[in-house]
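Number of protein chains: 2
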Amino acid sequence: MLEDKTPNKTSLAELGEFGLINHLTQHFKCEQDSTEVGVGDDAAVIDNKDKKTLVTTDMLVEGIHFNLSYMPLKHLGYKAVMVNLSDIYAMNGTANQITVSIALSNRFPLEAIEELYAGIQLACNTYKVDLIGGDTTSSQKGLILSITAIGTANEEDIVYRNGAKENDLLVVTGDLGAAYLGLQVLERERQVFSANPNAQPDLDTYTYLVERQLKPEARKDLSGLLKELDVKPTSMIDISDGLSSEVIHLSKNSGVGCNVFEDKLPLDPQVISTCEEFNMNSTVVALNGGEDYEQLFTVAQSDFEKIKGNPNFSIIGHMTDKNEGVNLITRASQKMELTAQGWDALLKKEKE
Amino acid sequence: MLEDKTPNKTSLAELGEFGLINHLTQHFKCEQDSTEVGVGDDAAVIDNKDKKTLVTTDMLVEGIHFNLSYMPLKHLGYKAVMVNLSDIYAMNGTANQITVSIALSNRFPLEAIEELYAGIQLACNTYKVDLIGGDTTSSQKGLILSITAIGTANEEDIVYRNGAKENDLLVVTGDLGAAYLGLQVLERERQVFSANPNAQPDLDTYTYLVERQLKPEARKDLSGLLKELDVKPTSMIDISDGLSSEVIHLSKNSGVGCNVFEDKLPLDPQVISTCEEFNMNSTVVALNGGEDYEQLFTVAQSDFEKIKGNPNFSIIGHMTDKNEGVNLITRASQKMELTAQGWDALLKKEKE
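Just so you know, the protein sequences line up as chains A and B, in that order.
Start counting the first sequence at 0; every next residue gets the next number (numbering that gives the first Met the number 0).
Start counting the second sequence at 0; every next residue gets the next number (numbering that gives the first Met the number 0).
So that you can see chain A by itself, here it is in the shape it has in the complex (with noise of 0.2 Å):
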């Protein structure tokens, strides 16, 4: 899981930038029809024909948004990729291509930016995007990493945050929870390490935790699901920050209010054993864990059959007037204000 310690080291400064992005980028083809020219001139240039261009971009900071203890280089690659190609699936978007910033300090060595790169490839593989730009640099401390992500949609396929409709259904694809709890296996391992360098890590029983936390997967399958169903949602929006903040977010921007139910909340398994070994509330990681890359869209009533008991997908809720606020109905029965505890990274920091 962890990154070999022992490689060979080649510095930075021996390929100069221009060697250095030359040589991490050569590898990468652009096959998006799109894609007119790539990296290497002072844009990129993009054909989108008669089609929306999509922008979104993501920042992720060491010591901020990862660990390099515990999050190997090739995996955090292949994971600052998905957290930007997810942003263009919330909108019912294609994703083609990307830039990609990263400032580093020293201490990292080629090997170590190769690694980083084998795992974007490995993301532009996977998700067929370009990559077409980017920028490369020295930082005073640390590995920040700036990904932009662009993509397209024609007009009538795309979906915003502010269109739901009191009695909407509510629904997230996949299951909650998870990639948080991978978070707090793998933070425990490292302590137990650090007391301890000879312990064994066991992480055969929390396989789908850290797989969800390490190596997740955009819902690019998404688009083409709702297409097969002939469903277009009424709003749609990435709860990477965590459900709760995104239920908040969705509901204000389209006025309207939420009940969503405790016991319609998508959980896996290993995220229930997992919280009872941790001593934790499933509800409230579910709510608040983040870091889950799924989308949470609301569709019309009349959806309903087309959605009820598919896999990919579970209804948690439906849409209200605006003046009954957005609440958590508990398996008892009560009414719970919903409050954002999504992962702000501001107060992260300044609780440290």
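Read the hints as simulated data drawn from the structure, not as lab findings.
As the structure is a computational prediction, the values presented were derived from the model and not from experiment.
Each pair may be met inside one copy or between any two copies, as identical chains are not told apart.
Listed below are the simulated DMTMM-like cross-link pairs for lysine to aspartate or glutamate, each with C-alpha atoms no more than 25 Å apart in a straight line: (1) K127 - E113; (2) K50 - E30; (3) K48 - E35; (4) K48 - D32.
Use these hints to put chain B onto chain A, whose structure you have.
Frame of chain A, contents of chain B only:
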């Protein structure tokens, strides 16, 4: 020139990430026809109709690319936008949108980030570009800015780096070396101030140099100037990394050689006098200083009459057979091979 050191301070933690983004972007209006949706959804939506989309990205890191002891935050925001727009203009395109991601340590209060955004907004207003997205997060140390610029161009107008032909004229906009000397002047003032905090900076003699360093302007006008003259460059590149390295880039990408004439390099009188004062060689400063957000391009010999004598342009050389290499022809008519000593952020870091 320096930022106010005694502002009111509002902790970023009070606002939270979404609060901060809303606060910072509320006064940015989207005015480009092509901007359908800006900040506030998972991705921005751009409608470029039948034009090509251009994309470029640059990252600026405190302590590597800028020093806040003499770079006011408002100027930094402005300059960071210029760095990116300049790359769109280097394709002979129109810049329409930007995304801005920032990572900042908690030593920055809200008011500091407002200053930064005031500079970004001034740039957006002046250059008619829309802020359409971004990310705001914590850093472990210092301030990191990552900007992506998106532009458009008609296919027939785009100018690449690889189209220069033998005998083409080599042309540069504006003048060279002033931004680098501005940095030397500011650095000297900083040292004087460290030694004696009562010393009053006297920058009157260096106004142009300091302005070129702290508030550079990208060549938005170039595309129109060329159209008026009915000139389409055969190749073009932004020279912010230094003239030498970009002459080499253009030549290499186009598969030709180049002769640059020392006596044709455009120097402002302040550059000449300050080089004397600092005992620096003005040719070296012009060739390798960098941070001049000017454009370098090539035109066919037949365009000579259209370009010559135009105050915006200096013809500084011509392209040759590839086997002749890339050379500087000195005032004494000696031929010296040009070497890239552009600002290599990675090497710079290693040397520190």
